[in-house]
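S.K.: Going by the UniProt record's numbering, the sequence shown opens with residue 1, and the numbers climb by one from there.
Where hints are given, some of them may not hold.
In silico DSSO-like cross-links for lysine-lysine, where the CA-CA straight-line distance does not exceed 30 Å [to be verified]:
id: 1; residue 1: K144; residue 2: K45
id: 2; residue 1: K45; residue 2: K82
id: 3; residue 1: K56; residue 2: K17
id: 4; residue 1: K17; residue 2: K144
id: 5; residue 1: K82; residue 2: K17
id: 6; residue 1: K129; residue 2: K144
id: 7; residue 1: K144; residue 2: K56
id: 8; residue 1: K56; residue 2: K45
id: 9; residue 1: K45; residue 2: K129
id: 10; residue 1: K82; residue 2: K129
id: 11; residue 1: K56; residue 2: K129
id: 12; residue 1: K17; residue 2: K129
id: 13; residue 1: K82; residue 2: K56
Across the chosen pairs, the derived CB separations fall in these ranges [to be verified]:
id: 14; residue 1: Q60; residue 2: K144; range: 38 to 46 Å
id: 15; residue 1: P43; residue 2: K144; range: 37 to 45 Å
id: 16; residue 1: K144; residue 2: R72; range: 16 to 24 Å
id: 17; residue 1: R97; residue 2: H141; range: 17 to 25 Å
id: 18; residue 1: E105; residue 2: Q60; range: 19 to 27 Å
id: 19; residue 1: S112; residue 2: P39; range: 21 to 29 Å
id: 20; residue 1: D3; residue 2: L35; range: 33 to 41 Å
id: 21; residue 1: A11; residue 2: D83; range: 30 to 38 Å
id: 22; residue 1: A111; residue 2: L78; range: 38 to 46 Å
id: 23; residue 1: E105; residue 2: Q18; range: 13 to 21 Å
id: 24; residue 1: Q145; residue 2: P39; range: 25 to 33 Å
id: 25; residue 1: Q145; residue 2: Y181; range: 16 to 24 Å
Please keep in mind that the hints were generated in silico from the structure rather than gathered at the bench. A virtual CB, placed ideally from N, CA and C, is assigned to each residue, including glycine.
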Amino acid sequence: MADRFSTASAAAIAKAKQVRLMIFDVDGVLTDGGLYYGPDGEPVKRFNALDGHGIKMLQQFGGIATAIITARQSPIVLRRAKDLGIAHVFQGVHDKRIAFAQLLEQTGIPASACGYLGDDVIDLPVLTKVGFTACVANGHHDVKQRVDYITEGFGGNGAARELCDFILTAQGHYETALAGYLA
Numbered sequence: 001m002a003d004r005f006s007t008a009s010a011a012a013i014a015k016a017k018q019v020r021l022m023i024f025d026v027d028g029v030l031t032d033g034g035l036y037y038g039p040d041g042e043p044v045k046r047f048n049a050l051d052g053h054g055i056k057m058l059q060q061f062g063g064i065a066t067a068i069i070t071a072r073q074s075p076i077v078l079r080r081a082k083d084l085g086i087a088h089v090f091q092g093v094h095d096k097r098i099a100f101a102q103l104l105e106q107t108g109i110p111a112s113a114c115g116y117l118g119d120d121v122i123d124l125p126v127l128t129k130v131g132f133t134a135c136v137a138n139g140h141h142d143v144k145q146r147v148d149y150i151t152e153g154f155g156g157n158g159a160a161r162e163l164c165d166f167i168l169t170a171q172g173h174y175e176t177a178l179a180g181y182l183a
């Protein structure tokens, strides 16, 4: 494993090798978790371009499907998912187990081949069912205590990219992905 991930446990690496579907929460994971409102009261979210490119690399070079399960509902999440090629988006889901069961049914991928990146206790019902679990550095203490990998980056500030790089590295695809940019 690359020096960058030398502190990751052997168990986390082994689990990351099995990921075929990576699921992301939005608020606090793909965004900084802040709640911003425009002048007309519309919610505004700030996404990180590094995170987005990491998700695209995960899809392109790892062949890994991606999904979003989030408790909030926002048209901007659908827009971001479309921009990133995330086909499976579940919004307004307060019991994330329901969306997760639907996702497994839609994809035919077993829970053991799924990964989940979350940040708060609302994510625990899915985190306890997937094969590979991760939390952002600024996530809730009770979540960090129950995951395989904790990012160094904060939510909305490169944490998702870091996780994508970790999975690609564990699966032996990162150097191939990087080579395309160095050629």
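S.K.: If a hint holds in the structure, say so; if it does not, say that too.
M.R.: To see whether the hints hold, each was checked on the structure:
1. Of the pairs offered as hints, the one joining K144 and K45 holds, with about 24 Å between alpha carbons and a cut-off of 30 Å not exceeded.
2. Taken as a hint, the K45 and K82 pair is honoured in the structure, with Cα atoms around 15 Å apart against an allowance of 30 Å.
3. Simply put, K56 and K17 have alpha-carbon atoms about 18 Å apart, close enough for the 30 Å limit, and the pair holds.
4. Restraint check for K17 and K144: satisfied, since their Cα atoms lie roughly 21 Å apart, inside the 30 Å limit.
5. Restraint check: the Cα-Cα separation between K82 and K17 comes to about 26 Å, which is no more than 30 Å; the hinted pair holds.
6. For the suggested pair K129 and K144, the alpha carbons sit about 16 Å apart, so the restraint of at most 30 Å is met.
7. Simply put, K144 and K56 have alpha-carbon atoms about 26 Å apart, close enough for the 30 Å limit, and the pair holds.
8. Our distance criterion of 30 Å between C-alpha atoms is met by K56 and K45, whose separation comes to about 19 Å.
9. For the given pair, K45 sits about 28 Å from K129 by alpha-carbon distance, which is consistent with the 30 Å threshold.
10. This hinted pair checks out: K82 and K129 have alpha carbons roughly 26 Å apart, not beyond 30 Å.
11. Of the pairs offered as hints, the one joining K56 and K129 holds, with about 25 Å between alpha carbons and a cut-off of 30 Å not exceeded.
12. Taking the CA atoms of K17 and K129, the gap is near 17 Å; set against the 30 Å cutoff, the hint holds.
13. For the given pair, K82 sits about 11 Å from K56 by alpha-carbon distance, which is consistent with the 30 Å threshold.
14. A hinted range of 38 to 46 Å is violated for the C-beta pair Q60 and K144, which are about 30 Å apart.
15. A C-beta distance of roughly 27 Å is found between P43 and K144, which places it outside the suggested range of 37 to 45 Å.
16. Judged by the Cβ atoms, the range 16 to 24 Å given for K144 and R72 holds: they are separated by roughly 22 Å.
17. Judged by the Cβ atoms, the range 17 to 25 Å given for R97 and H141 holds: they are separated by roughly 22 Å.
18. Between E105 and Q60 the beta carbon distance is about 25 Å. The supplied range of 19 to 27 Å therefore holds.
19. A C-beta distance of roughly 47 Å is found between S112 and P39, which places it outside the suggested range of 21 to 29 Å.
20. For D3 and L35, the Cβ-Cβ distance of about 37 Å falls inside the hinted range of 33 to 41 Å, so the restraint holds.
21. For A11 and D83, the Cβ-Cβ distance of about 34 Å falls inside the hinted range of 30 to 38 Å, so the restraint holds.
22. Distance hint check: the CB atoms of A111 and L78 are about 25 Å apart, inconsistent with the given range 38 to 46 Å.
23. Separation of E105 from Q18 is about 20 Å and conforms to the stated range, judged on CB atoms against 13 to 21 Å.
24. Against the hinted window of 25 to 33 Å, the Cβ-Cβ separation of Q145 and P39 comes to about 40 Å, which falls outside the hint.
25. Our hint of 16 to 24 Å for Q145 and Y181 is violated, since their Cβ atoms are close to 37 Å apart.
The earlier numbered hints that this structure contradicts are 14, 15, 19, 22, 24, 25.
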